[in-house]
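Following the hints, position chain S against chain D.
2 protein chains.
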Amino acid sequence: MARIIVDVMPKPEILDPQGKAVHGALPRLGFDGVTDVRQGKRFELQVEDADDHTLAEVERIAGTLLSNPVIEDFTVRVEDAS
Amino acid sequence: MARIIVDVMPKPEILDPQGKAVHGALPRLGFDGVTDVRQGKRFELQVEDADDHTLAEVERIAGTLLSNPVIEDFTVRVEDAS
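Line by line, the protein sequences give chains D and S.
Just so you know, we're using our numbering here: the first sequence kicks off at 1 and counts up by one.
Just so you know, we're using our numbering here: the second sequence kicks off at 101 and counts up by one.
Next comes chain D alone, as it looks inside the complex (with noise of 0.2 Å):
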């Protein structure tokens, strides 16, 4: 077994209104030297071996059901064994 993480994030050019609102609200709670924040997802996929052809599959998943490509820039990566 072993896990892959994808990430999501919006794209740098993208508003992203998620993170405005944290960010905004930080000053309010008390907090300060954050100067930016970006909200995107987490997925962890559990898979049976992280091979080739599984990590090709998982592209073609982030590419198409997790994230719209045209808002969102994912990246893949196998979990370290930790």
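There's no promise every hint is true.
[To be verified] Listed next, the stretches of chain S that the computed footprint assigns to chain D, with coverage defined by at least 3 CB atoms under 8 Å from CB atoms of chain D:
| id | stretch |
| --- | --- |
| 1 | 139–146 |
| 2 | 160–169 |
[What the hints assert, rightly or not] Calculated cross-link-like contacts (lysine to aspartate or glutamate; reagent style DMTMM-like; alpha-carbon spacing at most 25 Å):
| id | chain 1 | residue 1 | chain 2 | residue 2 |
| --- | --- | --- | --- | --- |
| 3 | S | K120 | S | E172 |
| 4 | D | K20 | D | E72 |
| 5 | S | K141 | D | D16 |
| 6 | S | K141 | D | D73 |
[Claimed, not checked] Computed spacing ranges between beta-carbons, pair by pair:
| id | chain 1 | residue 1 | chain 2 | residue 2 | range |
| --- | --- | --- | --- | --- | --- |
| 7 | D | A2 | S | L129 | 14 to 24 Å |
| 8 | D | L29 | S | R128 | 35 to 45 Å |
| 9 | D | R3 | S | E159 | 16 to 26 Å |
| 10 | S | Q146 | D | R28 | 16 to 26 Å |
| 11 | D | H53 | S | T175 | 23 to 33 Å |
Keep in mind that the hints were calculated from the coordinates and are not lab data.
Note that the structure is a prediction, hence the values are computed from the model and not measured.
Glycine residues also receive a C-beta, built at the ideal position from the N, C-alpha and C atoms.
Using the frame of chain D, we list chain S on its own:
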């Protein structure tokens, strides 16, 4: 400038309807080989300097504003400069 990543995932004992929905959709779309999916959130916080004070502050932000500690776990890490 440094970037701190906060990953927020549903606790293992908590049902994850979003992850289950993704998992259920995979076979219909022709993907097999994925045995489980969990969906969570990923936050990227831009800070001036990732020193101990800032990291402690981000830990407090993560535990109060970014996650619901009743149903979610979070991890905080400084992103590798790459």
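25 Å limit on alpha-carbon distance, applied to hinted pair K120/S and E172/S = Answer holds: K120/S to E172/S is near 16 Å, not above 25 Å.
Does the hinted range 16 to 26 Å hold for R3/D and E159/S at CB?
-> holds (24 Å)
Check of the stretch 160–169 of chain S against chain D for coverage (Cβ-Cβ below 8 Å, three residues minimum) = holds (count 5)
Range hint 14 to 24 Å: satisfied by the CB atoms of A2/D and L129/S?
-> For L129/S against A2/D, whose Cβ atoms are near 21 Å apart, the range 14 to 24 Å holds.
Look at the Cβ atoms of Q146/S and R28/D and judge whether their distance stays inside 16 to 26 Å.
-> This hint holds: roughly 18 Å between Cβ atoms.
Coverage of the stretch 139–146 of chain S by chain D (three or more Cβ within 8 Å) | Check passed, 8 qualifying residues.
Mind checking the alpha carbons of K141/S and D73/D for me, to see if they're no more than 25 Å apart?
-> holds (14 Å)
Are K141/S and D16/D close enough, with their CA atoms no more than 25 Å apart?
-> This hinted pair holds, its Cα atoms lying about 14 Å apart.
Distance restraint hint 35 to 45 Å, applied to the beta-carbon atoms of L29/D and R128/S | holds (43 Å)
Satisfaction of hint between E72/D and K20/D, Cα-Cα up to 25 Å | holds (16 Å)
Has the hinted range 23 to 33 Å been met by the Cβ atoms of H53/D and T175/S?
-> holds (29 Å)
Going through the hint list in order, the structure satisfies each hint without exception.
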